[in-house]
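*Asks:* Protein chains in written order, with the working numbering: chain A, -18 to 463; chain B, -18 to 463; chain C, -18 to 463; chain D, -18 to 463.
Read the hints as simulated data drawn from the structure, not as lab findings.
Not one of these hints is a red herring.
Which copy is meant is left open, because identical chains are indistinguishable; a pair holds if it fits in one copy or across any two.
DSS-like cross-link-like pairs, simulated, lysine-lysine; straight-line CA separation at most 30 Å:
#1 K131 to K7
#2 K244 to K276
#3 K195 to K460
#4 K244 to K98
#5 K195 to K93
#6 K195 to K332
#7 K269 to K244
#8 K93 to K244
#9 K98 to K195
#10 K332 to K20
#11 K16 to K349
#12 K195 to K269
#13 K325 to K98
#14 K93 to K47
#15 K430 to K134
#16 K98 to K460
4 protein chains.
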Amino acid sequence: MKLSTYCLLSLCFLLGSLQAQLSPEKSAMIADLEKNQSKYVSVADKIWSHAELGFLEDESTALLQKTLKKEGFSIKADVAGMPTAFIAEYGSGKPIIAMLAEYDALPDMSQKAVPMKVKSPNGNAGHACGHHLFGAGSVAAAITVKNWLKESKTPGTIRLYGTPAEEGGGGKVFMVRAGLFDDVDAVLSWHPGNENSADAGSSLAAMSARFRFKGVAAHAAGAPWMGRSALDGVEAMNYMVNMMREHVRPESRMHYAILNGAKAANIVPAYAEVSYIIRHPDMREVRKLFARVVKASEAAAMGTETEVSHEIIIGYFNKLPNQVLGEVMHKNLQMVGGVSYDTKEKEFAAKLMETYDSRDLVPESAEKVKDFEVIEIGRGGSTDVGDISWVRPTTGMRAATWAPGTSAHSWQAVAAGGMSIGHKGMMVAAKTLSLTAFDLYNSPELLKKANEELLRRRGEDFKYESLLGDREPPLDYRKGQE
Amino acid sequence: MKLSTYCLLSLCFLLGSLQAQLSPEKSAMIADLEKNQSKYVSVADKIWSHAELGFLEDESTALLQKTLKKEGFSIKADVAGMPTAFIAEYGSGKPIIAMLAEYDALPDMSQKAVPMKVKSPNGNAGHACGHHLFGAGSVAAAITVKNWLKESKTPGTIRLYGTPAEEGGGGKVFMVRAGLFDDVDAVLSWHPGNENSADAGSSLAAMSARFRFKGVAAHAAGAPWMGRSALDGVEAMNYMVNMMREHVRPESRMHYAILNGAKAANIVPAYAEVSYIIRHPDMREVRKLFARVVKASEAAAMGTETEVSHEIIIGYFNKLPNQVLGEVMHKNLQMVGGVSYDTKEKEFAAKLMETYDSRDLVPESAEKVKDFEVIEIGRGGSTDVGDISWVRPTTGMRAATWAPGTSAHSWQAVAAGGMSIGHKGMMVAAKTLSLTAFDLYNSPELLKKANEELLRRRGEDFKYESLLGDREPPLDYRKGQE
Amino acid sequence: MKLSTYCLLSLCFLLGSLQAQLSPEKSAMIADLEKNQSKYVSVADKIWSHAELGFLEDESTALLQKTLKKEGFSIKADVAGMPTAFIAEYGSGKPIIAMLAEYDALPDMSQKAVPMKVKSPNGNAGHACGHHLFGAGSVAAAITVKNWLKESKTPGTIRLYGTPAEEGGGGKVFMVRAGLFDDVDAVLSWHPGNENSADAGSSLAAMSARFRFKGVAAHAAGAPWMGRSALDGVEAMNYMVNMMREHVRPESRMHYAILNGAKAANIVPAYAEVSYIIRHPDMREVRKLFARVVKASEAAAMGTETEVSHEIIIGYFNKLPNQVLGEVMHKNLQMVGGVSYDTKEKEFAAKLMETYDSRDLVPESAEKVKDFEVIEIGRGGSTDVGDISWVRPTTGMRAATWAPGTSAHSWQAVAAGGMSIGHKGMMVAAKTLSLTAFDLYNSPELLKKANEELLRRRGEDFKYESLLGDREPPLDYRKGQE
Amino acid sequence: MKLSTYCLLSLCFLLGSLQAQLSPEKSAMIADLEKNQSKYVSVADKIWSHAELGFLEDESTALLQKTLKKEGFSIKADVAGMPTAFIAEYGSGKPIIAMLAEYDALPDMSQKAVPMKVKSPNGNAGHACGHHLFGAGSVAAAITVKNWLKESKTPGTIRLYGTPAEEGGGGKVFMVRAGLFDDVDAVLSWHPGNENSADAGSSLAAMSARFRFKGVAAHAAGAPWMGRSALDGVEAMNYMVNMMREHVRPESRMHYAILNGAKAANIVPAYAEVSYIIRHPDMREVRKLFARVVKASEAAAMGTETEVSHEIIIGYFNKLPNQVLGEVMHKNLQMVGGVSYDTKEKEFAAKLMETYDSRDLVPESAEKVKDFEVIEIGRGGSTDVGDISWVRPTTGMRAATWAPGTSAHSWQAVAAGGMSIGHKGMMVAAKTLSLTAFDLYNSPELLKKANEELLRRRGEDFKYESLLGDREPPLDYRKGQE
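Make the full structure from the sequences, and use the hints.
*Replies:* See the structure below:
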């Protein structure tokens, strides 16, 4: 891929269409980003190649920190008990605008940047959720904002939060719990996706835990009466949770996997383990549901004469939408526009789109920007951005880094994210975040209103208490899955 | 039925065959019984007609008490908190020999004394376990012994225990708990059956209870999340008990019926009830198993957010065999012999035997006496004689009051028990009990050895504690089933 | 209760407030109804006293038929295989406007018309869903319309459908299946309630069935291995349905009651029965869900070596809202107004309202008319009006025949429905239905639009097929519950 | 360990005690064995060090074959489709006496020959069932018999069957199925153990299978209604089997392990797998039970809308005891005597015995020989010797190769089996088998009677049909567990 051609064909065209609407300063920020695009793309591509799993992102975090340090950011590494977490900061005083960067990959995903399903030669992990773009794009925006702050001598601080292990490790939750966001005025984030949108969205609050049952081993043929089956405990718990489904609100979700259901049938199993995820659009409800599930686990142990303990693995708040910030983000996204494919990208996207049900979508769908919406009630997934959104005004966006209709966590996402389609989507995000930050630095009123909305939405008596309690970051939760 | 012919055809023949072996005194006892046979048959037939359920045996107990009183027995009625229980006593001093009389019928059994299945016009209850014969036959034996004691001026006491509600009410347990057997030297019992046998047998210890779950009602379509299903509680309990089956000794038995599984599907049920029976050849094991089942019920309530309580209904010890007494009983049964049918009885029996799988049996099988056996480990049923057998030396026998192969609790048992086949079987039992008592009065050594065997079998530290705890007799457990 | 005072205090006041808005013809209809009010109230009170259960409404249907016949209606009785169903008709030609009348009571409800919970001396059934008012009120409206048609010589036909057994018997379904509604232009209905509203509402489609399992009996202690438990079948079915909850759309409802879970624990049960209700806002979805539940029942039988069969008991379509008709009904309800209590009624209502959680409600809430709404997706209950609404344009309303906040199927509903509060609510409904019919006879355009809406809503390929298949009306489903 | 000392201390003592009872020829066989002991011990130790899992015993089988070949045996390798199976033969004509040799190790067992629990540096597998001794000891006996046959010019054939993968692979079953035992007159076997015994024993017949469920994956939070959980299938199957426990004979055993219960809770699992073992003292009953369990699996799939298939892994007949052969073996074992420890061995055994509940046992218990018993009904474990015992007269013995009270499959068994305690036990077995073979070659009458007993025990219509059907040997069932 030759970058110069790329620029000529698509981005320069994009710029043209924006010039009419953009202020000179915003135009300069766009130009700054485009000038440095190859640098940011290179960062993304390296992280894509590293494909490091949660809390094991040593190379990826080092690369991002180095990039920021070189640009004059001060770095606080190894924060909140997580070696791969960091905070990069530039400037001083209020307002403090934060941007988020993720960079962990997923297991069992190893692929190549080609439009067909292949196993890559080395390793299993892959960037099927596009966090290499997420990390590099946010860093690009932070540097661009820094450049403008510096040049314009605008007071204020830009911060980049390196948040590890989003996929099941919940790095952000520990950072929120440690108070690391307390002085921030607004948090801007984005996520790779299959369309361009700046909805003021929500997500499902979620708690997950591993329930570990201990029984008494015995020869299953010789003396099963001497044994107490830990697997009985797991199955009794599941049974009671399945009955509980009738007695929870329909928007609740409870799902489980038996991670250890005994190794051999000829022994009454002394150990068994089941993993649960509990979700609901409201984190308060998740807390209650989780307590009921824990009670079911204890009841199952009691009724099967086994013992149970549980370890909470993740605990994510639902995302509180912020309409004030969301509308600013949306306006800037509209100015930036979506992603335009060149001929090769169109072919690449078209090939990918043949591999799944893409219905009414065409490669050109990636050019559109979705109408703005406030989504009050989350559905589908969960994210550790949720916790941040309850303590500070937060908004995000999605950029079309994948072909239209692509599912997250698929090989198609790995493939598109590893080539120019992903790069273009990343640049859309970096630009939109930069312009949005510009607006916020220039409008104290917006920040005030965003904060008022937060206070109103979270209610009077809100006091942040992590769903995780005081557990330490599960630093080795991905060990053995590399 | 003309009794005189009956005597000529069968019983007189029987007597002939016995004369060689019987002492003059035993022969006189047999003669006494035969002389009064029509009186005892009449008592049995009246109780058969009353067919009163457990703890509701007002007419039946009154008839037995009147019969005994007329013979000079003193009566203690309404003992151990049970209005239909009584103790009849004659004589004084040691030894004290006890005989047991049952007289309760079964629900849903109403029949006639004809060899085909018909509904009787009045009522539902029927003597499908032959307790009318049990009661009348034991009374006949007690009177016969009394006559001999009186005439021979032998020191000692004969006692007849009227024990109500054997079928699920467990009258004897309350009598044992009240200490009413404490001064007895030996207990003689019998039971109607399909063969003649004096095995030193055992039975399964048993506890039964009703587990009552309370939940929270809610409209099952409108707001099931507001409800907590009591039926969920019952099903979760059953589930955990079904898993427990693998972890109990194979000779254990646990079975249940959901007596109340909600009335209508459109309401989350606030009430549900399940009845459990737990059995094992050893009452100590039943106590442990029952505790485990109770724990499963509490676990089920905990895991389904309901409440549970339980009421113990029956608690029977297993029967401890007594070889010493059993051998005496067996020898006398051999002398008495089995049941010989006349032509009409043979036809009646043959017709009955066509209605079930009677295999290698023929009507003449009723004439045989089974070889003696000591059955150490009970299987099949349970009886409240069990508790007695742990506190005092106890033995019993079965007489063929039903056609060979007949199941207890069947209409065929009702039918045969209501005519001369049943009467003849009853006389076999009455004779055998009388002769056995005679031997015991005459041999202090036998009583001593029987007691030693009891002490050895039940172990050193035995102290009687009813499986029922301190619950009162369930006097109305049959109300509404008449 | 003196009716004259009643009129002076409340209804005459009501009339006054309407006069401004009502056409002379509508005013005349109102006046006709008020003139005959005592007659209609008397009909309602008699049906309340009869309190006859579904398909057993012999007295109630006879009374309604007699009342209509006397007014010149022709009667077709015993229709669609249901002795207590009927169709009364007056006039000729198009349009044909239908009104619905229900008149069955509920079991276990026997009460008095006093504001406290008491058992009535005779019987158990009670009008806890207000169908005595439903029947008498619709008849009042039909007669009023007839009087106007006759006097004004307006062409067209008024029909009153006597629809038995709404509570679980589904009389209307059989009438729809028999084609008895095919020539009708619009169907008007109402239902007693705790507020006044003419929403174009929906309801949940529903199917219920009884699943009967047959196993093999065996002595549960002696030879449980010879038995196959029918109750195992029921519990395995329930288990698989409970797991299925995760895999049905959240708006689905599945609930069950174990109607027969065995009688005694000591026998492996050869028979067990579970009743299921399956609901969803869309009848097509119910059909699919029901098939899945049936499959689970067959699987349970297969896996427990038992046999299963099922009998469908009810099968109700969801109610299709009709906005065109609903708006006409709503305008007329607004003109008629809600229910105003006199002092005694206020006291009565206030006493009732103390017995449940009535929150922000006051007795005066009964005066209000709810704003109009189109409810596209049903929730909560189900009704056999659903089937009618899919074949002909149908709309309904609720009138406040019960104190504000009263639950249907409660003793409070029986009580209020048995005195003047219920009567007043019934008159509100009778008036609104009459006026609405008047509008429809006078506007062919409305009927055309209502029909177009129906065709649009039910989709192109719709062909009515009852959820019941070809089963006969369950004429004895309430036998034994009287 | 110095072998010469070893001999002086224990074996020579043993010899002394035997001389009185042994014929010269038998004495010579003993002497032959003792002379070559260090060679056989060396073979055993090498196999112990290889510790190869089932069907992967390449080195072990090669060593045994080489040893036998060198002694003049002809070798048929790679028989019955199993590369590590073989038959070694010497001599010609009748009678044909067979000896069995096993040599596979167990996974997750790696240990050292020290009396404490340690991990060995290389690998996981270990000889926790003593098959290295089993193989080497039987080979020793076969060579000894060969030497005698040759020297004495006795007609007849000695065969050594190398039977791989006893631990779950069931090598012998495939050899029986292939007819490889059809011409054998008697089969002699042994097994390492914690005591010396030549009971005519039985074992449980067993079948095991893996049930693989396929469902439909779906995002468990986003659209669980689109999914069908394969794990639901597994749990429904388990549920129905747990209920089935009440309805199988108490001596049946059914146990399971969920080998794959899904990897992650956030996806409705499309795949899940459960492994079952079904056992009973009678192989015909196992066949029936297995069919019932398969039916439950199909029912579970049906009721959860998943698919299931199963693969039978093992299928072992119960062992038919042969009293005729057993008594010959027992007499010879009595002559050979048990295992006497020297001081170091006593210390080693004592240390091991401290690590488990060894009750009344002392190291000296290893010297005893258990009284002879015919065990008609198997309990506890299962073995693929079962199939052989149904086609040809078979008997076996246990020698105390482990410290008294040691469990099979324990690290303690690995430890003792890897040093002189194991070696001594092996020699006891080799001697007993040699002497038993001697008796059989010399007594056609014994062989005839043994065969008559077999025919009587297995019944008239017996025709061998493997429980495995026609499945191929699962040659890779241990792959990945090394």
